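Mapping of the sequence shown onto UniProt numbering: residues 1 to 149, in sequence order.
Just so you know, the hints here were simulated from the structure itself, not pulled from any lab data.
Worth double-checking, as some hints may not be accurate.
[Unchecked claim] In silico EDC-like pairs for lysine to aspartate or glutamate, Cα to Cα no more than 16 Å straight-line:
(1) 38 / 25
(2) 149 / 119
(3) 96 / 127
(4) 137 / 119
(5) 94 / 40
(6) 94 / 49
(7) 94 / 76
(8) 71 / 58
(9) 94 / 110
(10) 149 / 76
(11) 71 / 49
(12) 100 / 25
(13) 96 / 76
(14) 133 / 111
(15) 94 / 119
(16) 71 / 119
(17) 137 / 49
(18) 96 / 65
(19) 149 / 49
(20) 133 / 49
(21) 137 / 85
(22) 38 / 144
(23) 71 / 97
(24) 35 / 49
(25) 59 / 104
(26) 137 / 76
(27) 133 / 144
(28) 35 / 144
(29) 94 / 25
(30) 59 / 25
(31) 100 / 127
(32) 133 / 119
(33) 71 / 111
(34) 35 / 76
No experiment lies behind these values; they were computed from the predicted model shown.
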Amino acid sequence: MKMFSFFKNNKDKGKESRLKKLSIDLSNFMFVSSKHSKFENGIQTATIDNCWRGIQIDKNSNIEEDSYFVKIRTLDYQKNRWGDDVQMAIKQMKIKEVSKNRLELCGYGDDSMGVFFSDYGISVLLENNTIVKVILKYFYRNVELHYSK
1 MKMFSFFKNN
11 KDKGKESRLK
21 KLSIDLSNFM
31 FVSSKHSKFE
41 NGIQTATIDN
51 CWRGIQIDKN
61 SNIEEDSYFV
71 KIRTLDYQKN
81 RWGDDVQMAI
91 KQMKIKEVSK
101 NRLELCGYGD
111 DSMGVFFSDY
121 GISVLLENNT
131 IVKVILKYFY
141 RNVELHYSK
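Modelling step: build the complete structure from the supplied sequences, incorporating the hints.
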């Protein structure tokens, strides 16, 4: 009911307007990475070049709140096609923070197997309004995977 809309929290509206300033469209976001590095407890433990991954973020249109689906696919054998090789199954996430050069998404809820999406997060890093890196965070293991071109 619109007459009670003044009770709503305006924080999400602020996140959406800051998102527009970053010129990122999260309704159908795709980032293709050719290499990734693994960090455990803040220490780089591996880097793999010529390892193609596709990071995809889609708007969750099933609910009204600011919600997105994040998934990662393996593109090693189909460099320009989005295949069916799932690297990370779909995780439901919300915008946590938006700054000039960084967008943070944090998981929430769980799936039918009881996997908590809050164990995961995604950071999108920009330079001059161009996406240069996407970081997948496994909070429960203190591991980050840095995907870059």
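Exercise for the section: Quickly compare the C-alpha distance for residue 94 and residue 110 to 16 Å and report which way the hint goes. Expected result: Cα-Cα ~13 Å, so holds.
Practice task
With a cut-off of 16 Å on the C-alpha distance, tell me whether residue 71 and residue 58 pass.
Solution key: This hinted pair holds, its Cα atoms lying about 9 Å apart.
Exercise for the section: Sort out whether residue 97 lies within 16 Å of residue 71, counting only the CA atoms. Expected result: Distance of about 19 Å is beyond 16 Å: violated.
Exercise for the section: Would you check the hint for residue 59 and residue 104, treating anything up to 16 Å between C-alpha atoms as holding? Expected result: holds, 15 Å
Problem - Satisfaction of hint between residue 49 and residue 71, Cα-Cα up to 16 Å - result: Given pair residue 71, residue 49 is violated - Cα atoms ~21 Å apart, limit 16 Å.
Handout entry: Pair hint outcome, residue 71 versus residue 111 [Cα-Cα no greater than 16 Å]
Key = It holds: about 14 Å lies between the C-alpha atoms, which stays within 16 Å.
Practice task
Verify the proposed pairing of residue 94 with residue 40, using a straight-line Cα cut of 16 Å.
Solution key: Outside the cut-off at roughly 24 Å; violated.
Handout entry: Pair hint outcome, residue 94 versus residue 76 [Cα-Cα no greater than 16 Å]
Key = Violated. Residue 94 to residue 76 sits at ~29 Å, over the 16 Å cutoff.
Exercise for the section: Starting from residue 94, check that the Cα of residue 119 is at most 16 Å away, please. Expected result: OK: residue 94 and residue 119 at ~13 Å, within 16 Å.
Handout entry: Restraint status (C-alpha distance of residue 100 to residue 25 at most 16 Å)
Key = holds, 15 Å
Handout entry: Straight-line alpha-carbon gap residue 137 to residue 76, limit 16 Å
Key = violated, 22 Å
Problem - Hinted pair residue 133 and residue 144, Cα distance within 16 Å - result: The hint holds at about 12 Å.
Comparing the model with each numbered hint stated earlier shows that hints 1, 2, 3, 5, 6, 7, 11, 13, 14, 17, 21, 23, 26, 32 do not hold.
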